[in-house]
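Peer 1: Once you've looked at the hints, dock chains B and C against the given chain A.
Residue numbers (this note's numbering), protein chains in the order written: chain A, 1 to 131; chain B, 1 to 236; chain C, 1 to 297.
Think of the hints as simulated: they come from the structure by calculation, not from any bench. Mixed in with the good hints there might be a few duds.
[Unchecked claim] Derived lysine-lysine pairs resembling DSBU-like cross-links, with alpha carbons at most 35 Å apart:
hint: 1; chain 1: C; residue 1: LYS133; chain 2: C; residue 2: LYS74
hint: 2; chain 1: B; residue 1: LYS75; chain 2: C; residue 2: LYS68
hint: 3; chain 1: C; residue 1: LYS209; chain 2: C; residue 2: LYS137
hint: 4; chain 1: C; residue 1: LYS73; chain 2: C; residue 2: LYS133
hint: 5; chain 1: C; residue 1: LYS74; chain 2: B; residue 2: LYS75
hint: 6; chain 1: A; residue 1: LYS4; chain 2: C; residue 2: LYS295
hint: 7; chain 1: B; residue 1: LYS75; chain 2: C; residue 2: LYS133
In case you want the letters, here they are:
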Amino acid sequence: MFYKLTPTTGQPLYLQLMQQVRHAAETGALRDGDQLPGIRTLAEELVVSPNTVAKAYCELEHEGLLELRQGLGAFVCVKRRTRSLENDVNLARRRIRDLIEQLREDGLLDAEIRRAFEAELLYAAEAVRKR
Amino acid sequence: MLWYRFWLETRARFLTSLATVTIFCGVFVYHAEGLLRPQWKSGFNRLLFINQQFLVIMWILACVLLGMGGIVREKAVGTSSLTLSLPVRRATVLGVRVGVGLAEAIVLGVVPWLTVFVISAWAGMPISITQVGSYIVLLTGGGLVYFAMAVLVSSLVVGEYTAPAVAFGVVLLSVLVFDNWIPRFNAWRLVTGDFSIDRKTFLLGKHLPWPGILASLAVAALMVLASMLVVERREF
Amino acid sequence: MTNEAVILTQGLTKSYGNREAVRALNLSVGRNRITAFLGRNGAGKSTTIKVLLGMVRATAGGGTVLGKQITDKKANLDTRRRVAYVAEDKPLYGYMTVEQTISFARSFYSDWRTNVERQLLRDYELPTRQKIKQLSKGMRTKLALLLAFARRPELLILDEPSDGLDPVGIENLLQTLVAQSADGVTVFFSSHQIAEVERVADHVCILEKGGLVVDAPLDELRQSYRRIDLVFPFPAPEREFRISGVERIRTSGHQMSVLASRNAEALVERAHCLNAVSVEVAPVGLREIFLETVKEN
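So here's chain A without its partners, still in its complex pose (with noise of 0.2 Å):
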């Protein structure tokens, strides 16, 4: 599996690469029993702090796409819910594509359209996170 953090995103490293191994399972890259990386290893390759990646697979283990074993590493384990994820990514990008579709006629550029869903991302995200 290769992996990409990006730090200048206003998102914490350890939520990227959480939101990373998740798209990887949902996509079958990942598959389940296969073996992370270790801490250390995963840390060195991505030039990022081993508390980034172990936050991620700890939260990932609450999540129970992971599995930790002690002194082994860290297992996937997906379930049957991603298939149903799966279909609901695809679904939601079939939507989003009609919405945009919509903006274009319009008479919305590209770039706006860009600016308004990160703008509304973000401010969602925001809220959230307050609640």
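Peer 2: Chains B and C alone, transformed into the frame defined by chain A:
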């Protein structure tokens, strides 16, 4: 390993001084011996006395150079934060530096005189080993106070070149002041043998001026102690 | 990860004559974390580090390093045994060779790891027989880093570790930092390379004129700092936005740009209430945070 470090640091200075002093003494004595051969006896003893005069000047110059260095100088050169970060007390660092300098200063006194001794023996005009020994004791025993003075100056004065300049100034000043006001306590004359030479035979007396030597060593020790206190308290 | 402080200072002050280099500093560096210490030249970073290591005496206040009082000379000696420190100017004795320097340093520490020393010597491609004074700046930095990394200290303090390194060297350095951290070493480093800090640091402290202006986990900074660009149908109502968490406001006619260290959502809410025509929220990078907080003071 601090020993090793200070050896590396002073090696060039020490070896240059040693070579200069030894070659000078060797050449001086060997050359003069040839001139003096017909009427040697007291003339030759006088020669040794003169040799000591020259040697003292060079030896003290070398000692002042060897006494330079230390954390204060390192501040000027920029390596003080390495030395200070080592898990060693500042006083220990200074102590080892003084130890290395001391050993070097003694070698600087012993080797030239031994060379003179060997050259004389080889040229067929052997000199008494006690005379040589006495000169060495006077030089190192009485003269280490100048080395200590340089160490003290190096702990007080910052600057790669200011410190040696000040040290030389202090040595010169002390010699002049003592000679004019209290000549009996002039360490310079103690070291050169002025106080213990017999003006007729030009042989050093059987009894060395031990009180003077001990007093001089005590002052030297006090100066080193003072330097340690200064270095422990100083800001870097 | 425990929250125990490895470095802790209270009201630490250091003056040189009338100039206060460090001013009532309350610093706390957590164990097993990578903490970055940022600040402009002359902000007091190096002085702070020197006071912590007992190389410079504090004028007022005090603190502990690894639980030992920094003013206690005996304890300080022990601290220096447990801390590896690379000073800003990468001091090394010019008359020693690389080899001699390494064996000199090795003799002082019981936590020296010869295998790591050999590995780093190979990685850094240092000419062992060359005199220090003939080394380039980058080589000197590498050697100074080797002397610290070959040990296994409890705390690693690095003052401008990337000075003189090329991009490959910097990448190697960061990897080593990460590896050290994974070994359980607490890392405290100062740097001007914000991009590198942004990748590896867990916690960021920004020093300005001897005092801390930012002291927060990097994740928190990432999540809470926002730049909000607004356009109004009327001249921008700057006063309406002067609430807590707003660090800086710039207006130009109907346009307004707000930098918020928190409360971004309240600001967006307010903008919507005031009928803003356009509301754009963007994350703020560490570089911008640094520039804004340092400029302001």
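Peer 1: All hints, please: hold or fail.
Peer 2: Here is what the structure says about each hint:
1. C/LYS133 / C/LYS74: holds (33 Å)
2. B/LYS75 / C/LYS68: holds (26 Å)
3. C/LYS209 / C/LYS137: OK: C/LYS209 and C/LYS137 at ~28 Å, within 35 Å.
4. C/LYS73 / C/LYS133: holds (32 Å)
5. C/LYS74 / B/LYS75: holds (23 Å)
6. A/LYS4 / C/LYS295: holds (32 Å)
7. B/LYS75 / C/LYS133: holds (17 Å)
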